[in-house]
Each structure stands twice: as structure tokens, then as C-alpha cells.
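Student: Okay, here's what each chain looks like letter by letter:
2 protein chains.
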Amino acid sequence: MDDNDQPAPPLPSTRTPGATRKGVETRARIIRGALEALESGGMETLTTRKIAASAGVKLATLHYYFDSKENLLLAVLEDLIADMAEAYRQDMSMPSDPEERIEALIRSMWRYVQRTRNKQLAQTELTLYALRTQGAEWLAARQYNAYIDFYCRLVFHGMGELTEEQRKIGTAIARFMLIGIDGLILQNFALHNNGDTNEGVETLVIATRDLLHRLRSEAGIQPG
Amino acid sequence: MDDNDQPAPPLPSTRTPGATRKGVETRARIIRGALEALESGGMETLTTRKIAASAGVKLATLHYYFDSKENLLLAVLEDLIADMAEAYRQDMSMPSDPEERIEALIRSMWRYVQRTRNKQLAQTELTLYALRTQGAEWLAARQYNAYIDFYCRLVFHGMGELTEEQRKIGTAIARFMLIGIDGLILQNFALHNNGDTNEGVETLVIATRDLLHRLRSEAGIQPG
DNA sequence: GTCTATAGCATGATAGAC
DNA sequence: GTCTATCATGCTATAGAC
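Sequence order for the protein chains is Y and Z.
Residue 1 is where the first sequence starts when you use the UniProt record's numbering, and the numbers rise one by one after that.
Residue 1 is where the second sequence starts when you use the UniProt record's numbering, and the numbers rise one by one after that.
None of these hints come from the bench; they were simulated from the model.
Be aware that one or more of the hints could be misleading.
The list treats identical chains as interchangeable, and a pair is accepted whether it falls inside one copy or across any two copies.
[To be verified] Straight-line alpha carbon distances no greater than 20 Å define the calculated SDA-like cross-link-like pairs of lysine to any residue that follow:
(1) Lys168 to Asp196
(2) Lys119 to Val205
(3) Lys168 to Asn198
(4) Lys168 to Glu199
Predicted model only: the values in this text are computed from it and were never measured.
Kindly produce the complete structure, drawing on both the sequences and the hints.
Tutor: The structure is reproduced here in C-alpha cells:
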């Protein structure tokens, strides 16, 4: 339930050599290149050659930083997790009432998803890849827990500490929001019919607000 | 909104030669073999050789029936769509009240998902593959529309005809259920924590019943 | 730290006997 | 309709100069 601050078995061998200024930059370029190539073509056509080309480095350079394609892909997923928080904070107005925050948060998420369609596809593909990769399943879990933790905090505070009860309720809310957004992403991709999917967003907003209502009154009637 | 009875551009070249009794059987074996191999290893490691081995045929035989790996994979996805209806009807008790049907249906779906974890992963991977494959996006749409149509009918009837209003409400319900189930699948896979995911199922049941309530009263107050 | 060059191999697909 | 044998290609990864 709370394996978010996991021991986190370090990614097997992401080399990260001397860590020169230049080295760090190149490593980042390769990760960005991999994400670009993944967004444009999908996992099926993703090769180390395309990644290297997309990053503007030679194939051997790629292997200097990542000893295998697998570890590079896992590093890309890690990077996506790290970037997530920044992305949402941008265009979100922040009401003080948690119920309105839920609504603002879902709408913000959905705007972000729609303007980064291919990135979402890429992230979904990478998550499935991690689930299929022996010893990398924890990465998928970490990704989800990071999202859950992030949404949970955003529902109740700017980013401060939470009471135990807020954490419990917020986690349930966050989980449900995430379920809805993931389902919406897939359905929107498959039907590429934004009109109908927007109905789904409205329904999700209402359902999540109702859930908060329910959890709060349950907590009020039967505290501890 | 209703491109379910699509012209359906025929799958480019699934050959299907003379269609001998034996030929049809072999074709089916290859499709089953592909699904098996996909379930056990994922798209990343899925090769025509593994498929052939898993189907008990030689590599050349596979290419006699499917002129390319791509068309084989799309045929597998088609097959999954066709099998879907059978799978759910099995263990579902069928109350007469639509609200209770929604609950029974969601629980039945969830049971099915849990006992076919790898099949669901495979189907998700194939759907993403179709979305990435030029000219195959319609297959993903067909898959979703088939599910939506199926759930819609199940909410209101055994399988008979629907009134226009039932169809409209049922479609919205079905879409939302599907959003929830897809999201639940991904979250359950990533966190592999069935206890917490079951909470999500309960929440989805309540939310979907509420949605039906809302749609019905809206229709009652403002018909046509 | 980045490159050129290449090893070593697995892949999707085909030719042609039976 | 199914097989054996093989092709051509593209893959990941490495060796070694600079």
C-alpha cells in the first residue's frame, strides 16, 4: 500500500561513468532521443540505431552510457516519472476547496493528456514493457505510486504534510482518478473521438467528487 | 459514435487460401499459438519462430497462411474480439434490474480479468500495436465498439433489441464501465495489489450505478 | 567521451522439394 | 498444404583508434 519510498533496487547497470558535465548532458540527450523515437514509432520499431540518430550521437556512444537497450528503456521510464510533477503544475488553477481541486486536477490532467497524446502512448508502452521485464516490475509500481502520492497531495494541499486521515482518503481518491484517466487515455486513443470521451471526463469528475463526499462522511460518522 | 458496422477495410492480406477443412484448423492453431506466445513473453520477445513453435508448425507454414507478421498479429486481435462475448456470459448471474445488472456485469468482468491476467496484458499490447500500425487503427476502434455494444445490450436485455433511449443511455454506461475496467487492469498490473484494487472495483460499481440513475432521471425530466 | 568499423547473431520472409 | 534450407537484412553489442 505504501511502497513509495522503496529500497528501490538500483537500475542494474546504467553505467553513468565519470559524470562529467558533458557526460551528463549526453546521457540526457540519449534519453530524450529514445523518448522521441518511441513517441513517433512505438516500441515495435524502436531500435538502438534510431535512438542514436534521434539523439544525435553514434551507436557506440549510446552503448557507452547504457550497457543495454533494456536499461536505457528503463531509464527513460524513470525520467518520465521525474518529469511528471512539473508538467501538471503549469496550467492548474488551485481552488481551496478539495472538491473543486479534484475537478481542476482532472481537467488539468486531461488537457495535458490531450496535448501529449504520443507521449502518453509511449509511457503506456514503456509501463507494459517494464511489467514484462524480469526484475523491472517494481518500476511500474513506483510510477503508479508516484502519481498517486502526487495527486493525493494536490487534492489537499499545495504540497505540505498530510494528516493520517487525509492521506487515507486522498490515496483512495488519487487511485480512482488514476483509474479513470488511464481508462480514458486508452478509450480516447482507440476511438479517437474526443467528443464522446469528454463525456467520460465529466462523468469521472462527478464520480470522484461523490467519492470524496462519501469517504468524508464515513470518516466523520465513524472516526479512528 | 456508431461506426460499429463499419465497411471494415478487409485485413490487407490474410491470405486464407483454399480454405480446406485442414487449412482452417491450421490457421486457427497459428492464431492460438501467437496468442500463447504473446501472453507468455510480451510483444518485445514475440517472433515468428516462437509463434510457429508454439503452434506446432514450421516457420514456412506460418507464412503460407499469413503473408506477414503484422497481418498475423492483427488477425489475433480480431480473434480476441470475436471470443469476448462467449467469455463473459459464462459466470454471470443476470438480475432483471438494470442497476443490479451493472453491478453483476462489472464483477463478472473483473473476475474474468483476474483469472486471465496475461491475456489482458496481451490484448492491451495488441491494441497499442494496432494503434501504432498505419492502416490498422480502425481495428482498435472496432474492438472498443464491440465491447461497448456488448455491455450496452447486457445492461438492458438478454441480447434483444433496444429502444433509442436505452441505446443512448446504455452506450454512455458501457463507455464508463470500460474506462473503469481498463484503468483497473493497468493499475492492478502495475501495483499487483489486489486488495487495494478491489476498493477500486467497489467504487466503480457505485459510480456506474449513480451514472445510470442520473441519466435516467435526466431522460425522464427532459424526454426527446 | 566519442568515433569508425565490424563481429555475431536473430529476424522476417522466400524458394522449391514433396 | 507442409516441409527443409537458405537468403538478405537489420539488430544489439563490442573492439579499438583518436
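Student: Against each hint, give a clear statement of whether it holds in the structure.
Tutor: Hint check results:
Proximity of lysine 168 to aspartate 196 under the C-alpha cut-off of 20 Å is restricted to the inter-copy arrangement: shortest distance 12 Å between copies versus 33 Å within a copy. For the homomeric pair lysine 119 and valine 205, neither the shortest alpha-carbon distance inside one copy (23 Å) nor that between copies (31 Å) is at most 20 Å. For the identical chains of this complex, lysine 168 and asparagine 198 are inter-copy neighbours only, at 16 Å across copies versus 29 Å inside a copy, given an alpha-carbon limit of 20 Å. Taking identical chains as interchangeable, the C-alpha atoms of lysine 168 and glutamate 199 lie at most 20 Å apart only when they sit on different chains, with a minimum of 13 Å there against 29 Å within one chain.
Figure legend: structure checked against the earlier numbered hints; the only hint not met is number 2.
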